[in-house]
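Student: For reference, the chains in residue letters:
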Amino acid sequence: MTAVEARDVKLSFGETPALRGASVAVEPGEIVAVMGPSGSGKSTLLHCLAGILVPDVGEIHFDGRRIDTLSETRRSVLRRDRFGFVFQSGQLVPELTAEENVALPLLLNGVKRAAALKEARPWFERLDLTGLERRRSGELSGGQAQRVALARGLVARPGALFADEPTGALDSLTGEQVMDLLVSSAREEGTTVVLVTHDARVAAYADRQVIVRDGKVNALVAA
Amino acid sequence: MTLLGLLDREPSHGYDLKRDYDAFFSRGKPLPFGQVYATLSRLARDGKIVIGEVEPGVGPERKRYVITERGATEVESWLTEPVPAEPNLQTVLFTKVVLALMLGRPAEDYLDRQRAAHLGRMKELTEIKRSGTLVDAMLADHGLFHLEADLHWIDTTAARLDALAKEVRG
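First to last, the protein sequences are chains A and B. Residues 51 to 273, numbered by the working numbering, are exactly what the first sequence covers, in order. Residues 7 to 176, numbered by the working numbering, are exactly what the second sequence covers, in order.
Hints listed in this document are in silico derivations from the structure and should not be mistaken for laboratory results. Check the hints yourself; a few may be wrong.
Claimed, not checked - Short derived list, chain A residues pointing at chain B, Cβ under 8 angstroms:
| # | residue |
| --- | --- |
| 1 | S88 |
| 2 | G160 |
| 3 | A164 |
| 4 | D230 |
| 5 | R251 |
| 6 | A253 |
| 7 | A254 |
| 8 | Y255 |
Backbone N, C-alpha and C define an ideal beta-carbon position, used for all residues, glycine too.
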């Protein structure tokens, strides 16, 4: 059984087709990089896989279950309970400290504050962030903020982590540190990862790369 | 391989081959006649080309070289096969694309295969970087940056294949 799968997905924004029959299957624990030129549909595909967008045609499956036919409310619960997200710039909540940001998915899932913070703290050592627990996002460097965002994406032990250009706002060395930690943490946790990037050096961290071109997935890339 | 590829278009004389080679592939360093004829005799010796009719005329006789089945097969497989992904491949990547377009072969398929070979090698180098010493990482980085540059070139070329085909086919 695949962990995350799109089957012949089509989606248009108004008159403009973004996906024209895209299919991709990601195995449990696999890290897949979705590459492609800008405007190719790679982020749209990620948003469909993550249940954020619903395709016009085609199916999205997670863990053997079809999710594109679920109501918006049920998809929202699924995203909160089972998925983690990392975006280009951390998108941390500026009013919260770093550890509160990491604990946020647990707090939203109803975990008590003390227990959520206890769960969040080990991630600071794992991601080389020790000592930064009480800082707010404005007091963190880009690389630190992105590692906090990564901890937040993984803290609830999601079934799948969706990352959209997670190193896009970082310099190349910092970006590589974030990728290194993302891959190590995901492998330790057995988390399935779908990663969108236009950067081949970032994609090279993945187990497998696929290319989206003109709204379709080119699976030829299996070197 | 480039001369053999040019002969896969049509039978040709040494002089014409040199002229076409210089026009498309020499990049400012014309091919010496000596090298053209040495290569042609080696190709003939290996059964990849034969000497067709000899055209008498003023001055030296002009030999017409014709590609054999064996030579054509070799060109075909060379054009579809990705190069092992190592740094500094510009010349050979460029030659494969231009020759494929001249011969009406699917250059895009070749570029896809080459892209896959490059990404595969980048993955290996990244693994070396993650598991090795800093020295290993520095060496791997050197390879990665070069392969990344090739990939940019592959993507840009793929986007311009139609225009490039028109130019090289005249």
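Student: Give a verdict on every hint.
Tutor: These are the hints, each one checked on the structure:
{"no.": "1", "hint": "S88", "result": "violated (11 angstroms)"}
{"no.": "2", "hint": "G160", "result": "violated (37 angstroms)"}
{"no.": "3", "hint": "A164", "result": "violated (36 angstroms)"}
{"no.": "4", "hint": "D230", "result": "holds (6 angstroms)"}
{"no.": "5", "hint": "R251", "result": "holds (6 angstroms)"}
{"no.": "6", "hint": "A253", "result": "holds (7 angstroms)"}
{"no.": "7", "hint": "A254", "result": "holds (4 angstroms)"}
{"no.": "8", "hint": "Y255", "result": "holds (6 angstroms)"}
When the structure is compared with the earlier hints, violations turn up for hints 1, 2, 3 and for no others.
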